[in-house]
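Trainee: Sequence:
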Amino acid sequence: MHKLSSLLFSSGLLVSTVGILGVSPADAADSPVVGHTYVDDNTAGTNTLAAFDRHADGSLTPLGGSPFDIGGAGTGTGLGSQGALQSTPDGKYLLAVDAGSSQISVLRLGTDGAPHLVGRPVASGGVRPVSITIAPSGLVYVANVGDGGSNYTGFRFHDDGVLTAVPHSTVPVPEGSGVGDVLFNSTGDRLVGTRDNSSLIDSFAVLPNGRLKAAEGSPFAAQSLGPIGSEFRPTNPSQLFVSNAHAGAGLGTVSAFDVSRTGVLDPVGPAYANNQTAPCWVEISHDGTYLYSVNTASATVSSFFINPDGSLVLLSSTPFTNGAGAVDARLSPDGSTLSVTGGRGHVVSTFAVGAGGQLTELATSPTPLPAEGSPTGLVVL
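So for the sequence shown, our numbering puts the first residue at 22; every next one is plus one.
Since the hints were made in silico from the structure, they are not lab data.
A portion of the hints provided could be inaccurate.
Claimed, not checked - Pairwise CB distance ranges, derived in the manner of DEER restraints: (1) Thr283 - Gly112: 25 to 33 angstroms; (2) His137 - Asn328: 21 to 29 angstroms; (3) Gly197 - Gly85: 37 to 45 angstroms; (4) Ala144 - Asp279: 33 to 41 angstroms; (5) His179 - Ala65: 18 to 26 angstroms; (6) Gly112 - Asp330: 28 to 36 angstroms.
Backbone N, C-alpha and C define an ideal beta-carbon position, used for all residues, glycine too.
Produce the complete structure using the sequences and hints provided.
Mentor: Here it is, written out as structure tokens:
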């Protein structure tokens, strides 16, 4: 069993959504719809996507027809990964992993926000895809973690929503590595992948033909155990931040790295402690000022200030009101709210982002998700 799945059980974070109340449709009607929120439900059998209208006050109401079938199959169990669902840079399409069928689903978003499957799901190029990333150029990479097909595989995303494989792009990863995240930087010329189980970080330069060239020294040793969530600073494509989840109770940290043009990682100081347990996911404010680490076992979100050189200053840690909303995280486009999927808690928790990056969970939070599956991956548009 993946370490994160074990952690969720042992930490007592399994809760029922019975009695958890989100905002009612009548209440939400008073607040205009300003966007939409989507969650990969990772449902065993036919995978589904939960879709919500996102209101100006941060509340969520289910979109008519939600949850939507997306063609492939989920696993019904936790993926232990960041980025299982991504949007294209123009916000017109979603790319979702179907870990149970080793496929990728592409969904076109209608004017009402409803997702529509484009063609049929595409084979992921390996076994059990858990994370996906898309560059501004339309280059896509998927992390597969299943036995007999653990790798990074590349695709091209076309304007009509079609995915085509990049020839000879697959980079094998040792079985059992437990890749937790794969991601491009903002310019799409560097790509990294975190290996949770072996505490290593793969780093590559991206070649013009879409293939990857491993950086000298890759894979690099993480600064602590269990690197999972990661993100490049939106305002600096050479600064990378990685959460370290498995050092033990109260020993969670986040690492900062400078990344050279060829992908070489150079640590920015020691790993930065947040005194929480299992920081598994990372999100950074659009202006590059604040970093949020979602601490699964502590059921908290830690807020850090990011200095210009990439070093971190811990500000605070904010608990979830329901105690189980600690999986993937995304900020709204205007940065005013932070939403977090609840994994086996089957909820989406939403926080208001205040002055100084401080978080306050909304009175309307959490919002229930479908009871089936084990939701992971979140997009807020």
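Trainee: Report the numbers of all earlier hints that the structure fails to satisfy, in ascending order.
Mentor: 2 and 5
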